[in-house]
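Taken in order, these protein sequences are the chains called C and F.
So in our numbering, spot 103 of the first sequence is number 1074, and the numbers just go up one at a time.
So in our numbering, spot 113 of the second sequence is number 1084, and the numbers just go up one at a time.
Hints are not guaranteed to be accurate.
Identical chains blur together in the list; that is why a pair holds if it fits in one copy or across any two.
[Stated by the list, open to error] In the DSSO-like style, the derived pairs of lysine-lysine whose C-alpha atoms are separated by at most 27 Å in a straight line are:
| no. | residue 1 | residue 2 |
| --- | --- | --- |
| 1 | Lys1091 | Lys1163 |
| 2 | Lys1191 | Lys1211 |
| 3 | Lys1103 | Lys1084 |
| 4 | Lys1163 | Lys1199 |
| 5 | Lys1091 | Lys989 |
| 6 | Lys1191 | Lys1084 |
Simulated from the structure, these hints should not be mistaken for lab results.
None of these values were measured; they are calculated from a predicted model.
There are 2 protein chains.
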Amino acid sequence: MISVVILGAGNVATHLFKALNDAKKTSVIQCFNRKIDALNSYKNNVDITDDLNQLKEADIYILAVSDDAIASLSQQLPFENRLVVHTSGSVSVYDLDKKHKRGVLYPLQTFSKEVKMDFKNVPICIETVDKKSYPLLKELAVSIGSPTKRVNSDQRKVLHLAAVFVNNFTNQLYRIGHEITESEGAEFDLLKPLILESAKKIQDVSPYMAQTGPAKRNDKKTINKHLKILKNDQHKAIYKLLTTSIQHTHGSKKL
Amino acid sequence: MISVVILGAGNVATHLFKALNDAKKTSVIQCFNRKIDALNSYKNNVDITDDLNQLKEADIYILAVSDDAIASLSQQLPFENRLVVHTSGSVSVYDLDKKHKRGVLYPLQTFSKEVKMDFKNVPICIETVDKKSYPLLKELAVSIGSPTKRVNSDQRKVLHLAAVFVNNFTNQLYRIGHEITESEGAEFDLLKPLILESAKKIQDVSPYMAQTGPAKRNDKKTINKHLKILKNDQHKAIYKLLTTSIQHTHGSKKL
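Next comes chain C alone, as it looks inside the complex (with noise of 0.2 Å):
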């Protein structure tokens, strides 16, 4: 049984605390947070503190807390050379304090407090400074059904670059169609089914494979009639900048 202690109570915090705790091998013995009201909804599964004196022994600390609050709640924790990982994608490992064994679980997936995760689909990317911790951080991730992968530091950072690229600024592109489509009084839910195949689609062919529209055709008549319906100047730019993207992906067009 691996004995866990998760410090946070934000979405990762909480996702994580209700698969490590429904979990066979796994046992979360306590749980950390600064404001203590933030934990009172588990008080009855679990030990909760906001005490860093109190807390308890365990195999692994998992920090789930923001980027900015890492380095020092790390350097704060009244023990050392215990496994300590936080869950952030773009923080370093070496902000964590150099006394623990250090370590990093990131998830990489978009979590809403309200909907339950299924950790089959949230594939964990782990790294770790000294090769020993590897292989618990492997079974406390695998115990929770996620896929995992063993990434360096430049890997998990471009990882989660990537992520805003096809998290945010995706989910963007959708606020735009939003209100492109309400502008004219059409609605947009009859763009979701295309979201959905949009998505689907990547999972057996790559988005290069993907492509199609106007901008990969060079199909200046469309184009020049889209930006013509456009009125706000910054969805003008985006349309003009993925447009060229597109081309020059597919060499359409010369830069």
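Fit chain F to the given chain C structure using the hints.
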């Protein structure tokens, strides 16, 4: 029984043929294409022709051809006063020759020739010049299980434009995610569950509510880290522009 002639042999024509051929209330009585070879796989199921003068009488003629071919093909049809529709998102319904009853059946979906499409997931936007043609087109769309929506020209055009944002441009962001990860030997496959989850989230939550990440939080530290990692100037420009767009939407930064 609604009788249909399909003109064209591309993705949309192929998928419409299969769906209409399977539907109980519709009968595809003929397929036309300039290059008859492209219709060879249908010839055991339906009459095929490459001669406009051999076209049979039908309730609806569907011109599922490239945007540029619609106007001239509609002129060349050797009959008048019959219902002729095209399937394009961006071509005017008035590009069809005025000797016909004119309409548009615009399927709002991305089709791949290999992948079977369930028309339950293909909203069909219907536009007609005269009101009387509408019920028949609606009946046709309903017969293959599609959700339908009556739209005007402006609405159809913004839906097509929005489709470029949520499908083609989104796919290019997936492509950039692919390039960035591969450049460090990280696996693009790790991003696939995130891509799917981002699209699923939008089925129930507005894109505005679904947004997360460094741009929305105005997390300058992470944004600067990401800009440092990006080597490609075009990727950098896309990162900056979409970050600004998110900040504009969420009021985290004044423009």
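How the hints compare with the structure:
For a Cα distance limit of 27 Å, the shortest separation of Lys1091 from Lys1163 qualifies both inside one copy, at 24 Å, and across copies, at 12 Å. With identical chains, the CA atoms of Lys1191 and Lys1211 are at most 27 Å apart both within one copy (12 Å) and between copies (26 Å). Taking identical chains as interchangeable, the C-alpha atoms of Lys1103 and Lys1084 are never at most 27 Å apart, the minima being 33 Å within one chain and 50 Å between chains. Taking the shortest Cα distances, Lys1163 and Lys1199 sit within 27 Å of each other inside one copy (25 Å), while across copies they are farther apart (34 Å).
Only within a single protomer do Lys1091 and Lys989 lie at most 27 Å apart by alpha-carbon distance; the minimum there is 14 Å, versus 35 Å between protomers. Taking the shortest Cα distances, Lys1191 and Lys1084 sit within 27 Å of each other only across copies (24 Å), while inside one copy they are farther apart (44 Å).
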